[in-house]
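J.: Assemble chain P onto chain B, guided by the hints.
Chains as they are written, first to last, in the working numbering: chain B, -19 to 148; chain P, -19 to 148.
Since the hints were derived computationally from the structure, they do not count as laboratory data.
One thing to keep in mind: the hints can contain errors.
Intra- or inter-copy, both count: the list cannot distinguish identical chains.
As the list claims (entries may be wrong) - PhoX-like cross-link-like pairs, simulated, lysine-lysine; straight-line CA separation at most 20 Å:
| hint | residue 1 | residue 2 |
| --- | --- | --- |
| 1 | Lys11 | Lys66 |
| 2 | Lys118 | Lys(-8) |
| 3 | Lys(-4) | Lys66 |
| 4 | Lys11 | Lys83 |
| 5 | Lys118 | Lys55 |
Number of protein chains: 2
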Amino acid sequence: METANELEAQRKLLIKMAVSSWDTQYARITKLLDSLTDDQLLSATAPGRNRGIYLIGHLVAVSDSMRSMMGWGDKLYPQLEKIFIKDPDSPGAPMPPAPEIRKYWTAVHEEVTRRISQMAPADWLARHSAVSEEDFVKEPHRNKLNLLISRTNHQSYHLGQLIYLVNT
Amino acid sequence: METANELEAQRKLLIKMAVSSWDTQYARITKLLDSLTDDQLLSATAPGRNRGIYLIGHLVAVSDSMRSMMGWGDKLYPQLEKIFIKDPDSPGAPMPPAPEIRKYWTAVHEEVTRRISQMAPADWLARHSAVSEEDFVKEPHRNKLNLLISRTNHQSYHLGQLIYLVNT
Chain B
-19 METANELEAQ RKLLIKMAVS SWDTQYARIT KLLDSLTDDQ LLSATAPGRN
31 RGIYLIGHLV AVSDSMRSMM GWGDKLYPQL EKIFIKDPDS PGAPMPPAPE
81 IRKYWTAVHE EVTRRISQMA PADWLARHSA VSEEDFVKEP HRNKLNLLIS
131 RTNHQSYHLG QLIYLVNT
Chain P
-19 METANELEAQ RKLLIKMAVS SWDTQYARIT KLLDSLTDDQ LLSATAPGRN
31 RGIYLIGHLV AVSDSMRSMM GWGDKLYPQL EKIFIKDPDS PGAPMPPAPE
81 IRKYWTAVHE EVTRRISQMA PADWLARHSA VSEEDFVKEP HRNKLNLLIS
131 RTNHQSYHLG QLIYLVNT
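In isolation and in its complexed conformation, chain B is listed as follows:
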């Protein structure tokens, strides 16, 4: 078997890989968002499907909701949960203007990045608050890093849709 030092280095590496994967998806969406006009954001990603602004707001609200699950503090924008998670997109529903959503995108994710930089390897392997202590004993994979992996795939999923806002 590898030594404890080697295994410790591998643990760091495995965590770094998952964090890099998050960073990559986040950078891709940010780049796309910066390239889109407000008008494009207000368009549907496909006929009858979510608008760009709704998907960006949805990703912001979901990233913001990671804060309490990770033990990073309260949501920065709790008002987004109803509009972008509980309620479906609807052209008539009140919605923050596009420049506002762009600001939320940056603020929430800069905070996520800052918090990630402060996490030690053992912190990532601790349970997140959506799982009870009893369940965590049986299911140790339900830890904070797993939450980040799941959110990374969630961002990829919606990036695949947001890309349809780009003109062919």
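T.: Frame of chain B; chain P shown alone:
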């Protein structure tokens, strides 16, 4: 610091998390694919965008191309690379019929699942064949597990598009 045994258990857990994430995306696409008719698969995911059949063929070809990078052997269906990776989707281009693509989807991914089940933890941390030995010394994150993580996000990305084939 944790003991070598504890770190060894954590390494196993971290790898299991990445593999489970792959399994989850694969299961979601398979479930969606099984629910779609051949006619739906032949439709565009959005006006002017890739057809469902192209995206499924693309994912099959990409998963099949993991084989050589992972050291699992040659591609099962090398003929798919030109149609689904090199060439863009085009309604006029020759393409295997939908039932054939469904068979490829199953065959390629059952093989991936079988190979994954045979991987030991240290195997996942070894370099994949698209990175040179020299580069790997400097960039040890370019290992086989990282390739799987990247492919998992790729599947999520296209799943976000394939879901648009489902009637609203």
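J.: Next, verify each hint and record whether it holds.
T.: Hints and how they fare:
| no. | hint | verdict |
| --- | --- | --- |
| 1 | Lys11 to Lys66 | neither (27 Å within a copy, 25 Å between copies) |
| 2 | Lys118 to Lys(-8) | between (24 Å within a copy, 15 Å between copies) |
| 3 | Lys(-4) to Lys66 | neither (32 Å within a copy, 31 Å between copies) |
| 4 | Lys11 to Lys83 | within (14 Å within a copy, 37 Å between copies) |
| 5 | Lys118 to Lys55 | neither (29 Å within a copy, 39 Å between copies) |
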